[in-house]
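Visitor: Sequence:
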Amino acid sequence: MSDAKRTASPEPAARPSSRSAALLAENARHLAHPNVAAFLKAIAAAEGGGYDFKYGALKGRNHDPWRFRDTSTHPGTGIDGKTTAAGMYQITRPTWEHHGAKLGLRDFSPHTQDLIAVEILRSLGVIEAIKKGNIVEAMPKVAKIWAALPRGPGQANHYPPQPFLKFEKFLAAYRSAGGLTG
367 MSDAKRTASP
377 EPAARPSSRS
387 AALLAENARH
397 LAHPNVAAFL
407 KAIAAAEGGG
417 YDFKYGALKG
427 RNHDPWRFRD
437 TSTHPGTGID
447 GKTTAAGMYQ
457 ITRPTWEHHG
467 AKLGLRDFSP
477 HTQDLIAVEI
487 LRSLGVIEAI
497 KKGNIVEAMP
507 KVAKIWAALP
517 RGPGQANHYP
527 PQPFLKFEKF
537 LAAYRSAGGL
547 TG
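Counting in my numbering, the sequence shown runs from 367 upward without gaps.
All clues given are correct.
Heads up, simulated DSSO-like pairs for lysine-lysine below, C-alpha to C-alpha not over 27 Å straight-line: (1) K535 / K497; (2) K448 / K425; (3) K510 / K425; (4) K532 / K497; (5) K468 / K497; (6) K407 / K497; (7) K448 / K507; (8) K507 / K535; (9) K468 / K448.
Label pairs and their in silico Cβ distance ranges: (10) Q521 / G447: 29 to 35 Å; (11) Q521 / E392: 28 to 34 Å; (12) D446 / A538: 27 to 33 Å.
Note that these hints are calculated values from the structure, not bench results.
We put the beta carbon where it would ideally sit given N, CA and C, even for glycine.
Work out the full structure, taking the sequences as your base and the hints as a guide.
Guide: Written out as structure tokens, the structure reads:
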């Protein structure tokens, strides 16, 4: 992949539309909800990354070549030269381009990553279930997006043989981050 392609920002240009601005404000409100914030932290625990991780980065490794510092754009491919999953929620480049354009976001900062993850949850129709603490209802849909998530209690993920976090551990991470169940 060329550097020009890697560093391109999603369109549209600088000023988001009123629809984008309204959606961005709505997602910021969702992000402030304790259950949504806890759910995102649990996703991050399952995915095993950090805001500066490309696919292949490892926690605790000093000078990891699969970490990035430039958050002005999506960092591109990871260790296998193909996969573009990156950041706290392993957001792929096409997902960043689509949701970045939709929300008027042009960087890959931690806050942008959070807002895109919220937009994914919103577009799946699970935000209200998460706010109510109905994690079991949300899991089948979110597990289709995040390979490290189980479909629910006692269930595997959608992508065998991909490793995944068991539901009980996901729920423990969610509760540890302040999430409540309803």
